[in-house]
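*Asks:* Whole structure, please, built from the sequences with the hints as guidance.
Going by the UniProt record's numbering, the sequence shown wraps up at 242, each residue one higher than the last.
Hints may contain errors.
[Said to hold, decoys possible] In the DSS-like style, the derived pairs of lysine-lysine whose C-alpha atoms are separated by at most 25 Å in a straight line are: (1) K232 with K155; (2) K194 with K182; (3) K157 with K44; (4) K44 with K155; (5) K161 with K232; (6) K157 with K232; (7) K3 with K70.
Treat the hints as calculated values from the structure; they're not laboratory data.
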Amino acid sequence: MSKLFGHQYDLFPFEVFSVSHFLMIAIFFCGSVVLYRFRDSFRKYDQEARGSMFFVLFLLETLYHFWLYKDGYWDISFTLPLQLCSLSLVLCLILLSTRAQFIFQIVYFIGITGAFMAILTPELFLGFPHFRFFQFFITHMFIIWTCLYFVFVHKFKPTRKGLFASFLFLNGSAGAAFIANKLTGGNYMFLAHKPSNGSLLDYFGPFPYYILTLEAVAFFLFFLLLIPFALKNRISRKLYDK
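*Replies:* Below, the structure written as structure tokens:
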């Protein structure tokens, strides 16, 4: 049992697009469907649902830091909340507590984009059935599910202003990450170098040009996340005009 919480990476190596990886992807999509299908039921028990999601996210993040700290692996070069998904997790906790529209606008774009990319091409070195494997995937799933929860249950909608605000927030966070990388020798937001175990960034060109490509891709993905709502609004206006 202790090996499932250890740091021996050769015992449980993670393989991208392995059976266990595809299983996590399938669970993510099934969970998203469940959120939509039972949105009315969740609405009746909103406080309990939000409290449960808050508890899961907070607990998993706390356990992750404890897991690192207990064996002397906790290091400021990679444990600060300056990765895109770490920032999104903090914002999700705030959103679940406050239901603030502004927080939703930010985390909808950066949270779904970052967490979805992490689920598809994770920077993960410990595979099934290690603690880190489950902590990583469940945390990223819940980041996206939190955003979808507020769309399906609370009927929050992303806006164009939210898109641009999110992009500004992303660049401001990147500035903070760049400074942190210089001070700690870290690689927050992958601004110092690409992930070592392969990712979509491998197709974005060499350093530092892949950062510019990443900016363009991020804005494009933000735009894609807005399209369904923009189309729905346009269709609704046409029907209303008739």
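*Asks:* Decide if the proposed pair is consistent with the structure: K157 and K232, CA atoms, cutoff 25 Å inclusive.
*Replies:* 11 Å, holds
*Asks:* Tell me if the straight-line CA distance from K194 to K182 falls inside 25 Å.
*Replies:* 16 Å, holds
*Asks:* Regarding the pair K157 and K44, is the alpha-carbon distance no greater than 25 Å?
*Replies:* Status holds; Cα separation ~20 Å.
*Asks:* So if I understand the rule, the pair passes when the alpha-carbon distance is 25 Å or less; does K3 with K70 pass?
*Replies:* 14 Å, holds
*Asks:* CA of K161 to CA of K232, is that 25 Å or under?
*Replies:* 17 Å, holds
*Asks:* What's the verdict on K44 and K155, does the C-alpha distance respect the 25 Å limit or exceed it?
*Replies:* 14 Å, holds
*Asks:* Does the alpha-carbon distance linking K232 and K155 stay inside the 25 Å limit?
*Replies:* 13 Å, holds
Of the hints listed earlier, there is not a single one the structure fails to meet.
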